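Enquirer: Chains F and C are the protein sequences, given in the same order.
Sequential numbering from 1 applies to the first sequence in this note's numbering.
Sequential numbering from 148 applies to the second sequence in this note's numbering.
Hints listed in this document are in silico derivations from the structure and should not be mistaken for laboratory results.
Warning: the hint list may mix true and false statements.
What the hints assert, rightly or not - With a cut-off of at most 25 Å between alpha-carbon atoms, the simulated PhoX-like pairs for lysine-lysine come out as follows: (1) Lys115(F) / Lys48(F); (2) Lys128(F) / Lys97(F); (3) Lys414(C) / Lys364(C); (4) Lys518(C) / Lys577(C); (5) Lys174(C) / Lys128(F); (6) Lys194(C) / Lys128(F); (7) Lys518(C) / Lys414(C); (8) Lys182(C) / Lys128(F); (9) Lys491(C) / Lys330(C); (10) Lys175(C) / Lys194(C); (11) Lys128(F) / Lys102(F); (12) Lys115(F) / Lys182(C); (13) Lys174(C) / Lys184(C); (14) Lys518(C) / Lys491(C); (15) Lys184(C) / Lys194(C); (16) Lys362(C) / Lys349(C); (17) Lys128(F) / Lys362(C); (18) Lys419(C) / Lys454(C); (19) Lys414(C) / Lys128(F); (20) Lys102(F) / Lys194(C); (21) Lys182(C) / Lys167(C); (22) Lys491(C) / Lys419(C); (23) Lys362(C) / Lys330(C); (24) Lys330(C) / Lys414(C); (25) Lys128(F) / Lys364(C); (26) Lys115(F) / Lys175(C); (27) Lys48(F) / Lys128(F); (28) Lys511(C) / Lys577(C); (29) Lys184(C) / Lys128(F); (30) Lys174(C) / Lys194(C); (31) Lys102(F) / Lys115(F); (32) Lys97(F) / Lys48(F); (33) Lys115(F) / Lys128(F); (34) Lys349(C) / Lys364(C); (35) Lys364(C) / Lys97(F); (36) Lys128(F) / Lys175(C).
Said to hold, decoys possible - Which residues of chain F face chain C? A few of them, derived with a C-beta cut under 7 Å, are: (37) Leu22; (38) Ala25; (39) Asp29; (40) Thr32.
Owing to the predicted nature of the structure, the values given are computational and were not obtained by experimental measurement.
A virtual CB, placed ideally from N, CA and C, is assigned to each residue, including glycine.
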Amino acid sequence: MSSLNPASRTGTASIPLSTLALEAAIELDAETTSTPRTSLDKSQHLAKQLRMLFPGQRPHFSPDSIGLVCGVIENYESETEITEPVSGYDLSTEKAKIIANKLEQPVLSPTEANKLIDFCLSLYRATKSVRLIHDIPADHPYVLTLA
Amino acid sequence: MLRELEEVRDHDFAYPDVYKAIDIIEKKIADHVDKLKPPFPNRRDLKAAICLEALADAHVYLPFLGVIVRSAAVRNAFEMYGPIRTMVQKLFAPINTGAEAVPLTLNTDVRLILSSGWDYTSLTFRRDPLLSDFIFLILPSSEASNPLLIPLAGHEFGHAVWEREGLGEPDAIPDQLSIELTKYVQSHSSDFPDSTSLQSLKPEEAREQLETDSKYKFYYSEACRRLTRQAEELFCDFVGLYLFGESFVHAFTYFLSPDFPLERSLKYPTVKTRIDQLFVASQQFEQHWNNGNYDLPADIIDEFEEKPSAIYVHSPKQQSVEPNPWQNAVDYVAEHSVSTLVGKIIEFGNRQGWQSLRTFSTTKRNEIRDKAFYWAVPAEHCESLPNILNAAWDVERSQNFWDHLTTLYSIPEEQRNDWRRDVLRELVLKNIEVLEYDDITG
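Next comes chain F alone, as it looks inside the complex:
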């Protein structure tokens, strides 16, 4: 899913969203053994990316992945109420803000940290699920592989 990498056009070195989500999960996991948080780098970076990718209106994802990623965002269970009834992109944007705020908090309860790790892993899977390697038209009919 190269299209999920905001910097892929320029060719600059950047961290793909899936990698960032996984690294943030590792950082959050380390926190569950030490209080307060030893590092906020990856979590803050992910929070910044979420705000950029969900700016209000239509999120910055390709049409083929937007539904999947919005689904992951919307499934995050937060204790913060969304006061107005919203749906579609607005709901995803509101939820993304709530998640970004959480990621930036210096102190998290173990429950909150675990919920965020769940979210990061879901985001990792959603954005990592398809990786096209090369340009072969179709599977060969006589090739059987292990997986």
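Once you've looked at the hints, dock chain C against the given chain F.
Expert: Only chain C this time, still in chain F's reference frame:
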């Protein structure tokens, strides 16, 4: 993999780009080895994700390594390497935005790995974040030394253009295509269950419904994925045509006529659509540049014959997951995106690097064919690779071209076609060397 990388490094490679790629892959794998050392994460699913990353990279980079190893195989035509590397360096040359005319600067950061593989198709790798400077061109082993098929590289370079120009980014062509797909769904609501309510909405509002409502989003996202891929494939065909002119269409025909023999990948337009749209693109190129370079012989179309559609209908794999209206929508919208795609190439064609790749001409091609190839000798001052290849395809398509050569009659009649073929291939490879020499000596 680290041990394998050490062994690969000992191969005798013909050009330095390969060693750079090996260094990069080696560092990535070594990083994974470090990450897999204790202490491990507390959560089992997180540890699994880290292992999955390492496993994914083994899946991703071993094929790269295989291509690198095969790049040293003597079956590859190393004569091609220099001129086609120059071609990609022009394709991605820095864009001169100043008013003054300055000499063209090649983009020497772009690296090329030319190799062969055991799939009967030319192919390339997706731009890997780690190997982002590299373009991989893999030709089928059985044809790796056949210079008449070099134009297929044009299609593969099209993928590199698509990715490096950000055409597949969310706000670029996929955005336009998804709106067109949405309009198609709105105007064919009888084909799509529960879609009547979309009819009265603006396309942007209807798209939001299709993208977020669980009734549609699975089908819609898959349709968008296929549509973007189909558009990319068409775009790549047009880049091949832009770079090589008529010889691209002959190489395309050699490989894909009368039709793709295996089950159609739904991420590709049908072969018939592709050849038809190549003709549409050639007309649009001619309307714009009007230089005769993109006129195509009409008889090429006769080489194609679409397989009966029953082959697809009886494919249980596709039937089980395909509501056909969605695939019909994908095929229709992709086919109607051609003007947008050609428009992009015309836009890029204004760039200095791209202009320098469009300098081939019918006059030069005829001169090479009639004054040099006629006597089975290479031509000097050919000016560009497509001039040589277009002349070569003229010879390939003309059965009697060398009937005046007395050498031909010393060969048994049943072997003459093989002789013609072998001489033409050797002649073209030799001429490519002469072209490179001309470039070096100015």
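Enquirer: Each of the hints needs a verdict: does it hold here or not?
Expert: Each hint, compared with the structure:
no.	hint	verdict
1	Lys115(F) / Lys48(F)	holds (19 Å)
2	Lys128(F) / Lys97(F)	holds (22 Å)
3	Lys414(C) / Lys364(C)	holds (18 Å)
4	Lys518(C) / Lys577(C)	holds (16 Å)
5	Lys174(C) / Lys128(F)	holds (21 Å)
6	Lys194(C) / Lys128(F)	holds (16 Å)
7	Lys518(C) / Lys414(C)	violated (44 Å)
8	Lys182(C) / Lys128(F)	holds (19 Å)
9	Lys491(C) / Lys330(C)	holds (22 Å)
10	Lys175(C) / Lys194(C)	holds (18 Å)
11	Lys128(F) / Lys102(F)	holds (23 Å)
12	Lys115(F) / Lys182(C)	holds (24 Å)
13	Lys174(C) / Lys184(C)	holds (16 Å)
14	Lys518(C) / Lys491(C)	violated (37 Å)
15	Lys184(C) / Lys194(C)	holds (11 Å)
16	Lys362(C) / Lys349(C)	holds (19 Å)
17	Lys128(F) / Lys362(C)	holds (24 Å)
18	Lys419(C) / Lys454(C)	holds (10 Å)
19	Lys414(C) / Lys128(F)	holds (19 Å)
20	Lys102(F) / Lys194(C)	holds (23 Å)
21	Lys182(C) / Lys167(C)	holds (23 Å)
22	Lys491(C) / Lys419(C)	holds (23 Å)
23	Lys362(C) / Lys330(C)	holds (18 Å)
24	Lys330(C) / Lys414(C)	holds (20 Å)
25	Lys128(F) / Lys364(C)	holds (19 Å)
26	Lys115(F) / Lys175(C)	violated (30 Å)
27	Lys48(F) / Lys128(F)	holds (19 Å)
28	Lys511(C) / Lys577(C)	holds (18 Å)
29	Lys184(C) / Lys128(F)	holds (23 Å)
30	Lys174(C) / Lys194(C)	holds (21 Å)
31	Lys102(F) / Lys115(F)	holds (10 Å)
32	Lys97(F) / Lys48(F)	holds (10 Å)
33	Lys115(F) / Lys128(F)	holds (20 Å)
34	Lys349(C) / Lys364(C)	holds (18 Å)
35	Lys364(C) / Lys97(F)	holds (23 Å)
36	Lys128(F) / Lys175(C)	holds (18 Å)
37	Leu22	holds (6 Å)
38	Ala25	holds (6 Å)
39	Asp29	holds (5 Å)
40	Thr32	holds (6 Å)
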